[in-house]
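*Asks:* Chain order of the listed sequences is A and B.
Note that my numbering has the first sequence beginning at 2, numbered continuously upward.
Note that my numbering has the second sequence beginning at 44, numbered continuously upward.
Check each hint, because a few of them may be wrong.
[Said to hold, decoys possible] Listed next, the stretches of chain B that the computed footprint assigns to chain A, with coverage defined by at least 3 CB atoms under 8 Å from CB atoms of chain A: (1) 114-120; (2) 182-195; (3) 290-299.
Keep in mind the hints are simulated off the structure, nothing from the lab.
Idealized CB from N, CA, C, for every residue including glycine.
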Amino acid sequence: MSTASSQIAADGRRSRRAPKLHPLPVRLMHWLNACAMLMMITSGWGVYDDDPILGWLYFPDWARLGGWAASSLLWHFAAMWLLMVNGLVYLIYGFATGRFRRKLLPIRVSEFIHTVGETLRFHLAHEDLTRYNAVQKLLYLVVICAGVSQVITGFAIWKPVQLSWLTALFGGFQGARRVHFLGMSVLVGFLVVHVALAVLVPKTLWAMLTGGPRVKAQA
Amino acid sequence: MRSLHRPDTGPDPAILDNHLPRVREVERRLMLRGGLSLGLLTMLTGCSPEKNHEIDAALRAISSFNDQVQARLFDPNKLAPIYPASRVLKPPRFNAYYDIQQVKPVDGASWKLELGGLIADKRPWNTQQIAALPQREIIIRHICVEGWDYIGQWSGVPLGDFLKRVGADLKARYVAFQTADNYLSSIDMATALHPQTLLATRYAGAPITDPFGYPLRLRTSTKLGFKNPKWITSMEVTNTYPSGYWEKQGFNWFSGI
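Modelling step: build the complete structure from the supplied sequences, incorporating the hints.
*Replies:* Written out as structure tokens, the structure reads:
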């Protein structure tokens, strides 16, 4: 009895000493966010097509969530809850556990230039999953900001009277629409690179499913 | 009164008649194509209302929840931004569930506004009686659910004043409208009592023209464009959810901005 409980206690200590690269909450939130983002982007395209911002750009039927505008709007205003609640929990978690600071800072200019140079020579260094290079850090920081920005501009478009001060901040209703569109473009651009790299280096994808290697607890 | 958007001189109207079958054919093909080429995600999730009732019901349930959230977000004292007369679009932008050419003008002389439901004095009103009431003018932004917008200059009787005058139950939940083009619409009482909600009769200083709702339409600063019925013929105060033309097809009912 006492042996068993001390064994459990030892395991507890060990797992506290060596957590996985991507703890369960991170993995859960990552995949929930992936679902929410895909739904928001594709339903957003359906809403966009009713009155395109760029006259030459329409999103094809097959890429849109929702058979017509009403349906796309229903999806958009349903998936927004998942995006907002999951995103909020993720931000609180990232700040509270220090994960953001540990993983994403500092970003050094020299390191950034070095990584870009290596990448252009097709030297993709992903040997050590536990450390992000400067380009990765910057990309993750940008995409988190873009996600937050989408929620803010989303509110500015949804409530231009109740939140008229917010809408005015983006230069009015059409301004808020354009920034919302721009934010989507950033997210889609990130998504293309992110998915392409995950496919090129499959162990990163595997790590986001199983948690990856155990890492030493960092201050 | 002829449609304002119809040019004085233009192509022979027979052109349209001659080509109508072909136009209809193109529309029919688009419908067929649209129906056949529903997107990959759409197929997976079955968003089309008639194809997957459970998902459609779930989405509409969330939309009803969003109605309640929006009612909470609505501040009855918050006024929409107003604009200078120089920015007013003349004439305003037309939108309905049909083209401007199909607008059927309403005869102002025989027109009446019928009242029903939880209203003490249900006597109908004619245009002169409404014109004799105290008026208010607002220059506000019209925002369509599609994404476009324009600034319009509307005047008429504040709906809240009118409801008080006819002894409406101001504690009731909904005000519903029926129109000459059979476009059912309804709003919540809080929005009906908002100072920038008008029974509008004039645009940019002149009577509203036929395509835009003559002789009477709703104009509220706190809702999307489709919540502003034109050519109103009757108004009812009720506690029974009245829904609306577009809402029945899936658009959000509250649609507050």
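*Asks:* Each hint needs a verdict: does it hold in this structure or not?
*Replies:* Hints versus structure:
1. 114-120: Since 3 is at least three, the answer is holds.
2. 182-195: This one holds; 8 residues, not fewer than the three required, reach chain A with a Cβ under 8 Å.
3. 290-299: holds (count 5)
Hint check: no violations occur; every hint is consistent with the structure.
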